[in-house]
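Participant: Now for the letters of each chain:
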Amino acid sequence: MRLAWFTPLPPMLSGIADYSSELLPLFAEAADVDVICPRPSLLRRAKAPPGIVIRPPERFRPDRYDAIYYHLGNNPWHEFVYETALRHPGICVFHDVVMHHLIAHAMVESGDQVARYERLLGVEHGDSGSRLARLKVLAVASDFEKFLFPLSGHLVRRAEGVVVHSLDSRDRLLAAAGNIDVPVEVIPHHAGAPPPQVAGIDRAEARRRLGLPQDAFLVGHLGFVTLPKQPGALVAGFAHLYRETPHAKLLVVGADNTGGAFERTARRHGVHGAVVSTGYVDLVAFYLNLKALDVVVNLRYPTAGESSGTFARALAEGRAAIVNNYGSFAEVPRDVALKVEVDGDQAAELGEHLVQLARDPALRTTLEANAREYARTVLNPLRCRDLYLAFAQTIRARPAAVTTERRSDPTT
Amino acid sequence: MGAKVRPVRSFREFLKRTLPIPIVNWLRRWRGTMRYLRFLSYEVSRRQSRLETGSPLETLESRMAARRDGFYQQMVKEVVERTDLVLQQLDRKVEGQGARHAERLGDLEEEMSRLRMAIEELRAVLEAAPVSPAERQATHPARERAARRSAERRKLAASD
Numbered sequence: 001m002r003l004a005w006f007t008p009l010p011p012m013l014s015g016i017a018d019y020s021s022e023l024l025p026l027f028a029e030a031a032d033v034d035v036i037c038p039r040p041s042l043l044r045r046a047k048a049p050p051g052i053v054i055r056p057p058e059r060f061r062p063d064r065y066d067a068i069y070y071h072l073g074n075n076p077w078h079e080f081v082y083e084t085a086l087r088h089p090g091i092c093v094f095h096d097v098v099m100h101h102l103i104a105h106a107m108v109e110s111g112d113q114v115a116r117y118e119r120l121l122g123v124e125h126g127d128s129g130s131r132l133a134r135l136k137v138l139a140v141a142s143d144f145e146k147f148l149f150p151l152s153g154h155l156v157r158r159a160e161g162v163v164v165h166s167l168d169s170r171d172r173l174l175a176a177a178g179n180i181d182v183p184v185e186v187i188p189h190h191a192g193a194p195p196p197q198v199a200g201i202d203r204a205e206a207r208r209r210l211g212l213p214q215d216a217f218l219v220g221h222l223g224f225v226t227l228p229k230q231p232g233a234l235v236a237g238f239a240h241l242y243r244e245t246p247h248a249k250l251l252v253v254g255a256d257n258t259g260g261a262f263e264r265t266a267r268r269h270g271v272h273g274a275v276v277s278t279g280y281v282d283l284v285a286f287y288l289n290l291k292a293l294d295v296v297v298n299l300r301y302p303t304a305g306e307s308s309g310t311f312a313r314a315l316a317e318g319r320a321a322i323v324n325n326y327g328s329f330a331e332v333p334r335d336v337a338l339k340v341e342v343d344g345d346q347a348a349e350l351g352e353h354l355v356q357l358a359r360d361p362a363l364r365t366t367l368e369a370n371a372r373e374y375a376r377t378v379l380n381p382l383r384c385r386d387l388y389l390a391f392a393q394t395i396r397a398r399p400a401a402v403t404t405e406r407r408s409d410p411t412t
Numbered sequence: 001m002g003a004k005v006r007p008v009r010s011f012r013e014f015l016k017r018t019l020p021i022p023i024v025n026w027l028r029r030w031r032g033t034m035r036y037l038r039f040l041s042y043e044v045s046r047r048q049s050r051l052e053t054g055s056p057l058e059t060l061e062s063r064m065a066a067r068r069d070g071f072y073q074q075m076v077k078e079v080v081e082r083t084d085l086v087l088q089q090l091d092r093k094v095e096g097q098g099a100r101h102a103e104r105l106g107d108l109e110e111e112m113s114r115l116r117m118a119i120e121e122l123r124a125v126l127e128a129a130p131v132s133p134a135e136r137q138a139t140h141p142a143r144e145r146a147a148r149r150s151a152e153r154r155k156l157a158a159s160d
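Residue numbers (our numbering), protein chains in the order written: chain A, 1 to 412; chain B, 1 to 160.
These are calculated hints, taken from the structure and not from any lab test.
In this text, a Cβ means the ideal position worked out from N, Cα and C, and glycines have one as well.
Any given hint could be a false lead.
[Claimed, not checked] Label-pair ranges, simulated between beta-carbon atoms:
#, chain 1, residue 1, chain 2, residue 2, range
1, A, Glu244, B, Arg114, 32 to 42 Å
2, B, Glu110, A, Met1, 28 to 38 Å
3, B, Arg154, A, Asn179, 35 to 45 Å
[As the list claims (entries may be wrong)] Covered by chain A, per the in silico footprint, the following chain B stretches (three or more residues, Cβ under 8 Å):
#, region
4, 77-91
5, 98-107
Just need the whole structure built from these sequences, with the hints factored in.
Facilitator: Now the structure itself:
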């Protein structure tokens, strides 16, 4: 089978670039795959995974392939994917259900296609959409509205098939597209394998290498610290634990993008001495820090319908995790990860969970075993690859007439 | 006192003596107003140039205030921010409820499929077991109860 795989690749700063880099070598073993990706900049090239050929978008010929996968994310690195997905329909992989940030950036915030943006919002969301677009042009807009008006329906209506990572994303996407008849496949976000440099390193060894105390109860936050990751609740919840367990530490693995708000909140709660921030780290250092942890906290609100790659890695590494009972996280069973409600007192709930985990090593051990098992069975990369291949076969076998009637969409 | 000031003062004294009191007072008020406005203009001019050149002491707020549309933009920002907060609180409630309901629904579906499987197993066992004619004729208590309820329902419907 010959596949075209539209995706950004490293060094482009997109989680989907890492996602594809991990999965593509597995595809190279079972299919003939071409990756379609532009150069990240004039002086840099995209990094090709082993066994994969990269082609620039301008040399893409759709008739050469049995199936085309478009990996769509909600950031400017995916603009070429978005535009080609509208021109040559294929299978859209929605890593985010919300496409509004990407579209607003491309058409209004840094582009000059205001009329196209207005038309798109009008078609997808009626009069409210048109009014919203006009207000946006007058600079009366907020970021939250982008989550409520996802702007992904037109892509679904054009697609031959759709892939999402969770049932929640499937429901949100179909609701945005008007519940049309398009084949949708749920393929979980695979749990990436650790790099060989950290193979065989256990918790004690990781702490020794990082100079972290062996007896500390280590709570971790993985990835960029941004406002949707609820840094306020994280710090306040940790402070609750810190009052009971003074040897607890909060390890923040990733760059702080809150403009200093995170540090100020930590100072206000009197826990800044217990917070260890690593800043941005490479994959090897990321895994070393992950292995050192006792608990991983991964809160998120609002969601663009994404699935967390760092959360999948934490589960595969067998770490007890605390997540929001919301979006794709809500689908993870409660015996695999503890949950915090988005409409409750997040800080208090998080604090209670942390204290419970610190006091009860048996609960931690059970959660760790369940997490490992969940990752092994559900988030297995080979299983995910096979699901992608099987879905491509299904779409290829589908009569073309089924999809052509949807393509007369005025938004394109 | 300088030579230039002396004739001005003498002229002022002459006017005070010759002009009626109300006119003298009017002239005093007029001079006071002019002096006040002149010094105010120096103050405003100094402040404006300080704001526009962006001295290190400036804050973002004062720069915003110096712009003609600063207040309008600030107001829009605050209204949008407030609307966002209200919407997010509402959305959190909707999403929280949705997640809990979906979870309960999932549990119920799981329970139902377990029950279905158990029924299938029981049915298979019952069908496989040999049944004597006497057992076949005997009515099951549950079946009796169902027949009784159905008869009662029919009676109620007839009385309506």
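Participant: Could you run down the list of hints and mark each one as holding or not?
Facilitator: Verification of the hints:
no.	hint	result
1	Glu244(A) to Arg114(B): 32 to 42 Å	holds, 40 Å
2	Glu110(B) to Met1(A): 28 to 38 Å	holds, 36 Å
3	Arg154(B) to Asn179(A): 35 to 45 Å	holds, 41 Å
4	77-91	holds (count 7)
5	98-107	holds (count 4)
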